[in-house]
Each structure stands twice: as structure tokens, then as C-alpha cells.
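Could you build the full structure based on these sequences and the hints that come with them?
Top line first, the protein sequences correspond to chains A and B. Take the first sequence: its letter number 153 is residue 332 in our numbering, and every next letter is one higher. Take the second sequence: its letter number 161 is residue 1297 in our numbering, and every next letter is one higher.
Mixed in with the good hints, there may be bad ones.
[Said to hold, decoys possible] A short, non-exhaustive set of chain A residues, derived as facing chain B with CB atoms under 8 Å:
id	residue
1	A236
2	L238
3	H260
4	L299
5	I301
6	N527
Since the hints were made in silico from the structure, they are not lab data. We put the beta carbon where it would ideally sit given N, CA and C, even for glycine.
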Amino acid sequence: MPVIELRNLHFSYPALDSDASVLPLLRDLSLTVAAGERVALMGATGSGKSSLALLMAALAPNETGGTLRGERWILGHDLSHTSATELSDTVGLLFQQSDQQLFNMSVEDEISFGLEGLGLPIDEINRRIDWVLARTGLTALRDRAPWQLSGGEQKRLAIAAVLAMRPRLLLLDEPMAGLDPLGRRAIADLLDDLKALQEITILVIEQDAEWIARWADRVVLLHEGRILRDGPTDEVLSEVATLHHVALWPPQMAELADALHLRGRPLTTTAMQPLIEPLQPATPCAVPSGGPQCGAAPPAVQADALHFAYPDGPAALHGLSLTVSPGEWLLLAGPNGGGKSTFAKHLNGLLRPDHGSVSLFGQPTAARRVGELAREVGFLFQNPDLQLFATSVRDELAFGPRNLGLSEAEVQERVGAALDRFALAPWADTAPAILGYGLRRLVTIAAVWAMQPPIWLLDEPTTGLDRTLTLRLLDEMVALHQAGHTLLLITHDLRLAAWAERMVVIAAGRVALDGSPRELLADYQQLRPFGLRPPAVSRLARKVDWLPAGLLSVDEVVDCVGGSS
Amino acid sequence: MTFDLYVPTTGWLQRLDPRTKLLLLGVGTTLIISAPGPLLLGIWLLLLHLVLRSSGVPWSRMGWVAQQLRFLFVVILLLFPWFVAEGQLLLALGPLRLTSGGLLAALTTALRLWAMSLLTLALLMTTTQRELVRGLVALGVPWSWGFTLSVALRQIPSLLRHVQQIQEAQAARGWDAERGAWLHRLRAVQPVLIALAIHVFRTVDTLTLAMTARGVGRSGPRTVRQPLQFTWRDALAAALAVAVLGVALLWRWRGSA
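Okay, here's the thing in C-alpha cells:
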């Protein structure tokens, strides 16, 4: 008996607006998963992956509304006659926003909640709590409140809470999303560990093909409501054109193999090494050089010996000093809690240093209000929903320029330009809150763009975006950079280092490393203490003797190999 | 800010059954309300501070309560005396009269407010939110009500954090709620409230799904993993509290007779 059997599913959510037509999310989708399989479900942002998980847990359409046709069988239960509550001890679901999934007062209570609901004996509940805490590495945190945990710990707790119910099917929706490298590693270790539990079938929704390549046995690609491809991991993830078509990043080694027409479907640097080593060109290739040119103009950002501590908290900045030249593209990396965001908030006055000073274009910020500094620093927050509130995209875009005190004619001019530039005109009169995630992110970028700040601070802007949307964002950043804007990009994704001119690692409230991305990634052992994982091409360049260290992208490796293949 | 006042120590108050602490709260409230003047209220306040200290609550946490009330104290002490015309006349400013009775009444009101606030917060300083809910359920409040209260309390820190994040995101776009006329300031809060409302609707949506997936609403009996235990300590504390209440009320009755 298959664990999951979906036959000819058609599903659509109810329209949010009575005038809008209902678009089908899933169309004639069929999927079978056998017991013990480790399956990755991949697809673009908004392709319906999370909705499919809700359908498999019987939460949709029962709790969400919507129209469903087709058959769903989970562990022999016909879901047309089974409620989500009845499935709660056999199907475990990790939500994408796992912090919102936690509703108890302590780690232990969170885990015991479902078990108490099953009416299990107290001894059995305590045994399961101990087992699952040990398995997820949370034993030392058992009395903490869930909101006091880090993002990675919250994800592990949410997994622990469903794992304690001993489900036979585990559905994990983007377990890595929004985590720093250390948090990701902890989740990856946990999921590696869970692979050993043969009695649990696991279906993971994830965009990170590099990790999927190491973990999953099978990959299912969802595209436009249908399953476009379903097969063994090495086969599906080697189909670079297909992955690009569905807006996914293939593993870098698959892209490289595809570009060099290599056989053998290598997905990891270890698999790639023996295939690329014989391709050594006759003449050694040189690493492209170049870096930021610092002119005589005053720095765009000058932070001197910043010290800052949150009320009742430990010091977040310990004498951080950093100078950024006008027009520079800086990538800021480092572990969560290291001080990146705290530093960023000092630039637009959201936080003021206890000691030290900040200047923008030579002007100290100490006596200037946040509203005034917004003219110079545009801040794109990680979560787009924090800043969306207007009843139309048009009003949302006008909010910032109006706050700057521009005339109504100027405001409308900027709004019109932003709508055109970001192709948002079709949604100009739609409430941004009801748009899909990708469009919401685009609206927030357009809203900052309409303020035309010379300095842009982007905090993890690519979180939750698929390849197409990420490239769209990067195109925009390239255009801003070419127009002379100063860009500070906070990210854990070191693939983006290929676009930046300079990379700074902030940890323990100080600048820990500062150099060109090429220099820092050439000797990436120095990144390890900060939990940063270099892109696969940089790791490959260290493994293959004749490849110069510090390569940043697949294209650079291909250029290096030249026509030798 | 976590909105959790609980002081995690193994003090004797922390170890009491929450039902006992609810009883102590009731006794304390009666004593404070029935205290006729500032002297007795001052004694109760001093005792309350000492009791809390003996259970590991730091002075700073208790001082925080007084600090939060300081504005109200000033208002009460400055305005209240002018509305009570009893006792000796101390000062006359046109139609306004400042009397010794007015000053005494203002001091009594301020001390009563302080004592009541500290007493109520003492419950939260020595009882986890989880125990409080269990205590209420054990006293007959339906489980679904207790669970709802617990979820609501759990959401407070998240909501506060979110309000701060939204304010920062809006301020970064030039929003300034602290400038301009009063009406302008009120209107300027609108973006934060709307963004917060959208967040709350989304959170409620996810929470509903998460709870359903974890079996909320499942029929059959629930296990209580950590049943409350009424020990000899609770019996002693309850007996002492009732005794103190009895003596105080008797004293009051004899005094007025």
C-alpha cells in the first residue's frame, strides 16, 4: 500500500475578490509515494507546493476553503472522508513559518501537547519527550519558551513536536528557509539522522538543490499545477534546462557538467573532481582581477568604533568600524546574532550607538531624524509583509515619497516610473497584501526605489524567491550599481558574492573579515568558524590543483577550462 | 521585551500550587482594599516586598513596578488632595483648598494602587503562564478557555516584536509618528496598525491549521502530564493567609465597633 496516492487532483482556492476569476492551482496532478521513500518536492515560488502539502494533511480544502476534484489516499485513508485531526497521529506537517506553528509556553509543553491530546499514559509521554529532545538536540532547552529560541531551534522544535507523535508520514515545508548557515547545518544533520528511521516516509519541500542532491532519493518537479518531472535525484537534478525552465537553481556541479558536456551526472564536488581533473588546459588560466576603486569623495558610509547593547541584553556591537565607498557593492555575511542587522539599523538611525559615530557622505547621523535619513538610506527588510499596509500598490509606492515631503506631482511621477520599471501596472489598484510572495517582494523593492536613496541596504532579499525572481532582483541591483548607488547586501547565500565587489564578515559585533569575495572564498577555511559555506565552485577550485582558487561562478570555471572539453 | 515577568528560581512561592497563589491573591486583595490608611498599607507593602524577596524575586524587578507607576503617583499626589476637603486647612488658592485629610487620602490611594499592582504582578512573577492556566482550569475554568488564554498569552511577545519590526520598516520609509499635530500623529499610526492587522490575520490562519494538524478538537480524554499537586506547603500557606485575613478583619471590626 503506498503511503501517498494522489489521483488526478484539481485544486483552486476561492477568489479573494468577487470580480476576480478563480485560477486553478493544481491541474490533473497524480503522485504515488511508497513507504520509506525520501522525496523532495521542488517548484517555483507560488507553484502550489505548500498547498499540496496542506491537501496531503487534509487541511485543505477542509480548513482553507477551495474546490477540489480527484482522489487522495494517505496511508490507506480516503481523505474525502478523513479529517486533519484524525490524521494528526499519522501525518506530521512542518509549516514554512514554523515559529507560527508553536503555541505553547515551553519546549516540553510544545512536544507534549499533541501526545496529551492522544490520551497517552504519562510515562509514555515523558519517554517520547526525552527521545525526541535527544534526537533533535534540544534537551538543554527543554524549559525555554519557544519565542526565546533561535530560528533554527524553533524549526527543530516544530519537527520534534510532530516527530513525537510517531507519524508514518512527515511533510516538511521548506525546513531550511530563513535560517543562517549554522541553523541550516543543524536541520540538515537532523534530517540526515531521520533518514535512518525507515518506518517514516519523508516528503520535503525545498528549493536548495545542493542539499537535496545529498539527501533525497527522488525529486518531483511541480510546474504550473502539474508534475513536470519525477525521477531519481541524480537524474532530475542533472537536467539543467528543465530546472531553469521551472525557475530553480540546479546544483552548481550539475550546471558545470552541463556547460562542459560531462557525463556521469555529478552533483557534488567530490563527484565532479575526477571528471574535471583530466580537462586541465595547456595554459593555466588567470583569475579575473579588479576591485572597488576608492576615490577622493567622502565615503558613503563611515562607521567608527560602534558600540551598542540592547536594553537588558548583551552587547551587540563591540567597536565595529567600517568604511564603504560611494558606488561600492558590499556583501555582508556572518552568523545570526553576530551584529549584521544591528549595524545596518545604525545607518538609518533606527538604532543609535552607545559609543562611536556614523556618517553618511561625510555628514554625521547623530542629530538627524530617521525620517530624514530615509532620503539617503533605503532599507529593504527580509520580510516584505512588515511594510505592506496600503489598499493599493499605487498607494504603497506613494507612501515613501510622500513622507519625504515631495509635491503630489513628483510623488505621482515617481509612482508611475516605479510601476513601469517593475512591471507592476497590472496590479496598481490591487491591495499588495493579497498578492503572491514574489509580487509582494517586488512591491517592496519598487517602494524603496520610488524614494531614490543613494544607499541601499538589502537584508536577505532573496529569501523565499525562486531562481527567476532572484535573477530579476539581481538585475535590478546591477542596474542600481551601474547608476552609482551604494549597495549593502546582507545575505547567507554566498553564490551572490559573484556579483559583489567586496565582502565583509561581521561576527561577535565586529568586522571579522574584510576583502574581495575572491580573496575570502579562495581561502574559505577562514569562513568556517562563522558557519559560512562557500558555493560549490569555490570548493571545487580548492580541490582541483590546476583550478585557481577564488573562482566564484560556474561561468568562471567554464572560462578556465576553455575549449578543452 | 518578552512580556514574561516570571522569575525562574526555586523560591518557595514559585513552588506553591497555582491554586494556592490565587487564594493568596484573593486574601491580599481583601487586606489591601480594607486597609484604612497609609500606615497599614505601608506595612502591607513592606511585607509584600520582603515576602517576594524571600522567594528570590530581585529588588530590581519589584522596583520596576514602582517605576512604571511613577507618573500615576505624581498625578494622584498633585491632583487628588484638592478634591478632598477634610481635616486641617493647609493652603488656599482661590476656590481650591489643600487639607491634611486630602493629602492623607492622596497618599492612601497612591499606596493602595502600588500595593495592588505589586500583588497582582507578584502572581505573574512567581507563576509561569502555563501554571496559571492549569490553576484556572483546575478551579473549574473549561480547558478550551484555559487553552485559549494560554495561546493568547503566548502571542503577546510575538505581537510586541512584530509591532517593533513594523515600526522600524515604516520608519525606514520616512514614516514619523512623533512629529506634527496630535491628529497627524494619530493618523500616522495607521500604517503600523494595518500591517499588524494583516500579520494577525495570517498568524491566526496558520495557527488554526497548525492546531488542527496537532489534533486540537480530537474526541476522547486528554492526559494531564503534570497534574497540580497540593502539598503540605500549600496547606500551610493557605492556612496562614486565612488566619492573617481573619485577624485583620477582626481587628478592623473591633476598631469600628
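Take the shortest C-beta to C-beta distance between A236(A) and chain B; is it under 8 Å? Result: holds, 6 Å to nearest chain B Cβ.
Grab the minimum C-beta distance from I301(A) to chain B and call the hint holds if it beats 8 Å, violated otherwise. 6 Å, holds
Restraint satisfaction for N527(A) [CB to CB of chain B, less than 8 Å]: For N527(A), the interface hint holds, since the closest Cβ of chain B sits about 6 Å away, which is under 8 Å.
Would the hint on L238(A) stand, with a C-beta cut-off of 8 Å toward chain B? Where the cut-off is 8 Å and the nearest Cβ of chain B is about 5 Å from L238(A), the hint holds.
Taking the closest Cβ pair, is H260(A) under 8 Å from chain B? 16 Å, violated
Report holds or violated for the interface hint on L299(A), using the least CB-CB distance to chain B and a cut-off of 8 Å. 6 Å, holds
Going down the numbered hints, you'll see the structure goes against just number 3.
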